[in-house]
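A.B. asks: Sequence:
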Amino acid sequence: MTYSLNTLQSSSAADAQPVRLRAMRFAHEITLIAGFVVLLFWLLAMLSYTPSDAAWSTSGTGGEVKNWGGRLGAWIADGSYFLAGYSVWWCFAAGVRVWLSSLAGWLRGGEANATDAPQLGRFNRSRVAFWFGLLLLLAASAMLEWSRLYRLEFRLPGHGGGVLGYFVGPLSVKWIGFTGSALIAIAAGVIGSALVFRFSWTQLAERIGSRVYSLFESRREKREIAEDIALGKQAVRERRELTSDERELQPDGVESADEELRIEPRPKRRAASPPVQIEPALTEVPKSDRVAKERQKPLFRELPDSKLPQVDLLDAALARQETVSPDTLEMTSRMIEKKLKDFGVEVRVVLASPGPVITRYEIEPATGVKGSQIVGLAKDLARSLSLVSIRVVETIPGKNYMALELPNAKRQSIKLSEILGSQVYNEGKSFLTMGLGKDIIGNPIVADLAKMPHVLVAGTTGSGKSVG
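Following my numbering, the numbering of the sequence shown begins with 1103 at its first residue and continues without gaps.
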């Protein structure tokens, strides 16, 4: 029998728990609704306050009440302004903050808040800080209102700052002076507002500063982009004008497509910007006589006095390789000069050498510019040019220039047939002549394997390093 009674008691307690939670949740909802109505009525009453309405500080009956809240609203508004003056609006703001915080907690916690309800009566440091901050804020605001805004007293039922201002204002001026009381009031207001509304002035200043800084940075970046586009368009326009002038001055029957491309500056417009010498990109490797001879022979016929396979067994190179246009080289050269000048380093691009994979820009640093400065700005320059990386060549043999190697937007495909069919490979005297590839500007590179004691082959695991 005892076991059954305990079971009934535990089950009844378990059933009563949800009922209590629902009741407390319903009470919380009623409190939120009532708080909203009270705050709205208080707001309307204070906004429509009229000193002529009969209320706490004004005598008379039977007159027309102009307050939107009727006689009750007139009494509430008159009493509020009489006690704290216009500083009473801090109380309204604090009430709105408490209501919003309670609403957010109810929406966020739901029924979980009901379980914490019995603990609301306990000591809470946040509540103490809130009420202390509100008292400090009201006293500081009333002090400033009494000493600085006394010209608005005709709109109030009493003194500026109300009864609170009339009490703390003269007392503070008597002991710390007119200016000292204002400074103390401002400091107390700053501290009190932070305690009441739970925010940090330091974080607020950082957020405002970051927003202002990001705004200025975005405008500066847009301005720089517009300037870069304008410089690029100007370079293209001047190059077209220069090309048209050269075509008019060039005699008939003379072709200059295979000659070295040089851009002469216009003395009137670009006197300060020297021209950039652009080397022509090597799109075709000169073929040897061996390629032509072997291409005429059948595929499976025995070749006398020949031990090497035919070159045409390999895939031929593309007939036309995409290269960097002269307009792009000109615009990139000017952008390099401008970006480095923005970083405090003045250089001049003197030569642009496009290659199959990268393009080399030879630069001449100004007097007093160290090479280490340009090396240290490599990552910043790559980021400003929207590139992954830039290689800086500090020393060029035979020249007093430096070089910047920028990756091309589209890389060319290098076929083995180009290297084995080149004149350089065919002129190799060693039987162990090995084709390595192309250099920066596209010339084929070969080497004698007999002169190499070791060869290091790079590659990932399983990529076929040991097959050869």
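These aren't lab readings, by the way, just hints derived from the structure by calculation. Just so we're clear, the structure is a prediction, and the values are computed from it rather than from any experiment. Every residue, glycine too, gets a C-beta built ideally from N, C-alpha and C. Among the clues, some could well be false.
[Said to hold, decoys possible] DSS-like, lysine-lysine: derived pairs with alpha carbons at most 30 Å apart:
no. : residue 1 : residue 2
1   : K1335     : K1512
2   : K1553     : K1512
3   : K1324     : K1512
4   : K1553     : K1540
5   : K1324     : K1441
6   : K1389     : K1440
7   : K1512     : K1441
8   : K1531     : K1443
9   : K1335     : K1481
10  : K1531     : K1512
11  : K1389     : K1553
12  : K1501     : K1540
13  : K1335     : K1324
14  : K1512     : K1501
[What the hints assert, rightly or not] Distance windows between CB atoms, simulated:
no. : residue 1 : residue 2 : range
15  : I1331     : E1448     : 16 to 26 Å
16  : R1493     : S1203     : 37 to 47 Å
17  : S1203     : E1448     : 39 to 49 Å
18  : V1477     : R1313     : 56 to 66 Å
19  : L1416     : R1485     : 18 to 28 Å
A.B. asks: If a hint holds in the structure, say so; if it does not, say that too.
C.D. replies: Evaluation of the provided hints:
The hinted pair formed by K1335 and K1512 meets the criterion: a straight-line CA distance of about 22 Å does not exceed 30 Å. The suggested pairing of K1553 with K1512 is violated, with an alpha-carbon distance near 35 Å, which exceeds 30 Å. Annotation: proposed proximity of K1324 to K1512 holds, straight-line Cα distance about 27 Å (limit 30 Å). A hinted pair counts as satisfied when its Cα atoms are at most 30 Å apart, and K1553 with K1540 qualifies at roughly 20 Å.
Our distance criterion of 30 Å between C-alpha atoms is met by K1324 and K1441, whose separation comes to about 15 Å. Proximity of K1389 to K1440 is assessed by CA-CA distance (about 42 Å); at most 30 Å being required, the pair is judged violated. For the given pair, K1512 sits about 23 Å from K1441 by alpha-carbon distance, which is consistent with the 30 Å threshold. Between K1531 and K1443, the direct Cα distance comes to roughly 50 Å. Violation of the 30 Å bound is thereby established for this hinted pair.
For the hint linking K1335 to K1481, the alpha-carbon distance of about 26 Å falls within 30 Å, and the restraint holds. For a cut-off of 30 Å, the pair hint linking K1531 to K1512 is broken: about 35 Å separates their Cα positions. At most 30 Å may separate the alpha-carbon atoms for a hinted pair to count; K1389 and K1553 meet this at roughly 26 Å. Our distance criterion of 30 Å between C-alpha atoms is met by K1501 and K1540, whose separation comes to about 22 Å.
The straight-line distance between the Cα atoms of K1335 and K1324 is roughly 16 Å, inside the 30 Å bound, and the hint therefore holds. Distance restraint check for K1512 and K1501: the Cα-Cα separation of roughly 29 Å lies within the 30 Å cut-off, and the hinted pair is therefore satisfied. Between I1331 and E1448 the beta carbons are some 22 Å apart, a value that agrees with the proposed interval 16 to 26 Å. At about 58 Å, the CB distance of R1493 to S1203 disagrees with the hint of 37 to 47 Å.
Between S1203 and E1448, the C-beta spacing of about 58 Å breaks the proposed range 39 to 49 Å. For the pair V1477 and R1313, the supplied restraint of 56 to 66 Å is violated, since their beta-carbon distance comes to about 35 Å. Checking the proposed 18 to 28 Å range against L1416 and R1485 shows it is violated: the Cβ atoms sit about 40 Å from each other.
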